[in-house]
Every structure is written in structure tokens, then in C-alpha cells.
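Protein sequences, first through last, are from chains A and B.
First residue of the first sequence? That's 1446 in this note's numbering, and the numbers climb one at a time after it.
First residue of the second sequence? That's -5 in this note's numbering, and the numbers climb one at a time after it.
Because the hints were derived from the structure by calculation, they are not lab data.
All figures in this text were calculated on a predicted structure; none of them were measured in a lab.
Some clues are possibly wrong.
Claimed, not checked - Straight-line Cα separation of at most 25 angstroms, DMTMM-like style, residue types lysine to aspartate or glutamate; simulated pairs:
1) A:Lys1585 <-> B:Asp193
2) B:Lys222 <-> B:Asp211
3) A:Lys1518 <-> B:Asp39
4) A:Lys1585 <-> B:Glu143
5) B:Lys222 <-> A:Asp1482
6) B:Lys222 <-> A:Asp1475
7) A:Lys1535 <-> A:Glu1575
As a plain string of letters, each chain reads:
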Amino acid sequence: MPKLIITREGVSLRDYPLDRTRITIGRKPDNDVFLDDQTVSSEHAAVSLMGVPAITDLGSTNGTFVNGVRISKQELRHGDVIRIGQHELKFIDEDAQDLAATMVFAPTAAAAHTARLHVLAGARAGTVLEVKQERTTLGKPGGQIAVLLREPGGFRLLPMAGQPPAQVNGRPMPAQGVVLTDSDEIEIAGSRLRFEVR
Amino acid sequence: MASIHMWGITDTGRQRARNEDAIAWDEARGYAVLADGVGGQNAGDVASRLVVSVLESHLRAVCDGDAGHVLAEAVREANALIHGQALANPVHAGMGSTVVAVLFLPCEAMVAHVGDSRLYRLREGRLEALTVDHSLVQELVSGGFLTPEEARASGHRNVITRALGSASDVAVEVRRFDTRPGDRLLLCSDGLSDMVDEDTIAALLSRGAPPEAIALDLVALANDNGGKDNISAIVIEVA
Chain A
1446 MPKLIITREG VSLRDYPLDR TRITIGRKPD NDVFLDDQTV SSEHAAVSLM GVPAITDLGS
1506 TNGTFVNGVR ISKQELRHGD VIRIGQHELK FIDEDAQDLA ATMVFAPTAA AAHTARLHVL
1566 AGARAGTVLE VKQERTTLGK PGGQIAVLLR EPGGFRLLPM AGQPPAQVNG RPMPAQGVVL
1626 TDSDEIEIAG SRLRFEVR
Chain B
-5 MASIHMWGIT DTGRQRARNE DAIAWDEARG YAVLADGVGG QNAGDVASRL VVSVLESHLR
55 AVCDGDAGHV LAEAVREANA LIHGQALANP VHAGMGSTVV AVLFLPCEAM VAHVGDSRLY
115 RLREGRLEAL TVDHSLVQEL VSGGFLTPEE ARASGHRNVI TRALGSASDV AVEVRRFDTR
175 PGDRLLLCSD GLSDMVDEDT IAALLSRGAP PEAIALDLVA LANDNGGKDN ISAIVIEVA
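Work out the full structure, taking the sequences as your base and the hints as a guide.
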């Protein structure tokens, strides 16, 4: 079932399951999604789930934005971020996020940062690998494989093969991978590595 | 130039609201183009149509010369235009497209591609891919990390590593290939190659049917198998 993840100023407030064909969003408490925010109109917007999911602005004062663009009506896709006043509502539709949707992972000029992988245990313990490529493959054929992707904002480790998948900080990685932060520990194919960003 | 007969079809599939693929072909001038757009809102449609229109304008004007150069230049120009539009218009930010294009000249045939749209050649019952996907799983297969079977089953087979529109320039892969009477070629988007396995594609192309019928059957089969993405196919018969 699709849902909205509601946040305010980066703080996650709640998830709202989209279990009806239409839900309303606004400052009045009788809305399905009630946002206690003076910059939100009393009846601000409605999400329709008939056919293709879409959001409609109900003539609000301060507007409804999808991915930063002010809209009156807009189809919603998995991952779209709706901004209403000081609130952000992320539209999550895992079922529609089918794997047929092409994603581009191509180098951009903005992503020229580097990182290091410090091998703590395993075959090459003690070595330090400089991560300079857009994509770095870790693991062993026939076992756990993961690719370290250099994204504009940082690095993402994506599990590509192996069951269970490689772990980050002791937890198996989810399918969409993990955005790494400094000192994260990766366990893959019998090695343990520390991710370091300078 | 060998006598060629082409036919193409593009279909929204069963699960998408829009068709972000675009195709064009011209038998007399001997070219075929297929693009698979990427990007939210309608950006994918815009990108793939732009690719097809830029390539057509270049390929219509070809009378002689280096086919590979012509193709690569056309693709690079399409890339620059998409990249420029994506930067200029926030609604189109992140838009991109794959492309596969073939051009037949009197003595040679060339293919150019970027991304995971493919060209196959069927010869004497054997199907051969003439393009190698620019995709994450293909890189791992080429590097010996994944088997082709693991790649086909991977949840990340949709991630492409090269697309038109991502940067101001793009590396276009161009190669020459030979054709013989009796060969059949297929240009397709991943909505076909993900939904129909290569043995089935080979069997359909091997039938004596005209390209129109084969293209229709391929798309119908991809839909029967789920039609998860937009589906495009251009079938070329070399006589």
C-alpha cells in the first residue's frame, strides 16, 4: 500500500497509509492528514489514488510543491517529495517502484570526492584502498558482491549478489543499499572494511 | 546496399501511464533509431523524442561518408541538447535517454548505442547481441563478478551507467557490423529484453513472417509476460 512519510524540518513525524481513494491534507483537524502549521491552508491539498496517483492543490494560499515545483495538479511517483508549508510528505509506493524503471547512474561533475576503505580483517588486512572511481566492486564471484557508488552527495553501497547480503555495521543491507557515513564498517565475503571519508 | 525491409512498433505496456520510448525508421535512407527516455513527470518522453528527432535530422542528410562518425556526432548533439534542457528547466532536471541507432550505407552498416537499448542479429538461427549494455550488472558480468544468469535475476539490472543527458558530453559506442541476405536484426528497449528471453526472441525472428508481424508478436508477448515497462521493437530483414 502506498503511504506518505511526513516530516517537518527534517524530523520524521509519522507515516500515513494511503488506504482510501482520496485523502485530504490541511490545517483543519477534520482533514485525513492534519498538519498543525500556520503556513498550511485549512483545506490545502488532496491526494487521489484512483488510477494513477495524483495530488491536487485545493486553492491553497502558499501552494503545493512537488520536487520543488509549484503544482496545481500532478501525478505522483514513488519517491516524489511534496512540500506543504513547513511540512514535507514523501510519497512511497514500493509496489509501483518496480524494477523495470530505468535508473541512471552516470558520473556527474559534481561528484569528485574521494574516500578510503581500510581493510581491518580478511585476506588483505591492513591495506587501505583509495576510492577514486565512480564505481568500485567489492566481494568475491559466487559469494557476496556489492558495488560502492559515488553519488553527488556521498557514497552508496549497493548489494549485487550473495544471500545473505553483505552487512553494514552488523546489519544485512537492504536491497536499495546503504548511504555510507564515516567509520561505517562493512563485512563482505570474509573481509571487514572501514569506510573513511576525509 | 543490400535490400532491407524494416518495421517498428512502440507500446506503453501494461503498467506504465505513458510511453517514454520513441522510435523512427526509414527504409529508403537505411536508418532506424530507438530511444528509451528516463526521468520524472514527462521528462522521459521529452528526452527520447528529442533523441529521435535529432538523429533523424542528421541521418536524413547522409548521402555518403563515414557512417560511424555521422552516428556518433548525431548522438553527441542529442546529448548536448538534452543536457542543456535539463539544466535550463527544473521540471526536466535529471531527464535522460538511452539510444540505439543503425545506419546502412552501400558498403557497411554501423550501430551506435548508449545505455541498455540493444541491437540483436539473427543469423542461421543463432541470435547474437551486437551491443553490450552500459549497465551496472553488465559491468559486473564483464568483470567476472556476476554470471549472466545472476545478472538477469538481479534486482538492479535496471541501473544504467551511461545515458544521454547526464553530462555535457557522452561516450558513444559505435561499431561496424556485417549483414548477409537472410539476416534479421532487432533493435529493442529493455521493456522487451526484460520480458522476453533470448531463445524466444530467436524463435520469433526465425519465422518466415514479415518484420511487421514479428514486431507485433514480440510486443504482444512482452505484454503477455507482464508488460512492466514501455516496449519497443524495430525488426529489419536483410534480403
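Going down the list of hints, with the structure as the test:
A distance of roughly 30 angstroms separates the Cα atoms of Lys1585 (chain A) and Asp193 (chain B); the hinted pair therefore is violated under the 25 angstroms criterion. Between Lys222 (chain B) and Asp211 (chain B) the alpha-carbon distance is near 17 angstroms, which keeps this suggested pair within the 25 angstroms criterion. Taken as a hint, the Lys1518 (chain A) and Asp39 (chain B) pair is honoured in the structure, with Cα atoms around 19 angstroms apart against an allowance of 25 angstroms. Between the alpha carbons of Lys1585 (chain A) and Glu143 (chain B) the distance comes to roughly 16 angstroms, so the proposed pair stays at or under 25 angstroms and holds.
Restraint check: the Cα-Cα separation between Lys222 (chain B) and Asp1482 (chain A) comes to about 40 angstroms, which exceeds 25 angstroms; the hinted pair is violated. Our distance criterion of 25 angstroms between C-alpha atoms is broken by Lys222 (chain B) and Asp1475 (chain A), whose separation comes to about 38 angstroms. For the suggested pair Lys1535 (chain A) and Glu1575 (chain A), the alpha carbons sit about 35 angstroms apart, so the restraint of at most 25 angstroms is broken.
In this structure, the earlier hints numbered 1, 5, 6, 7 are contradicted, and the remaining ones agree with it.
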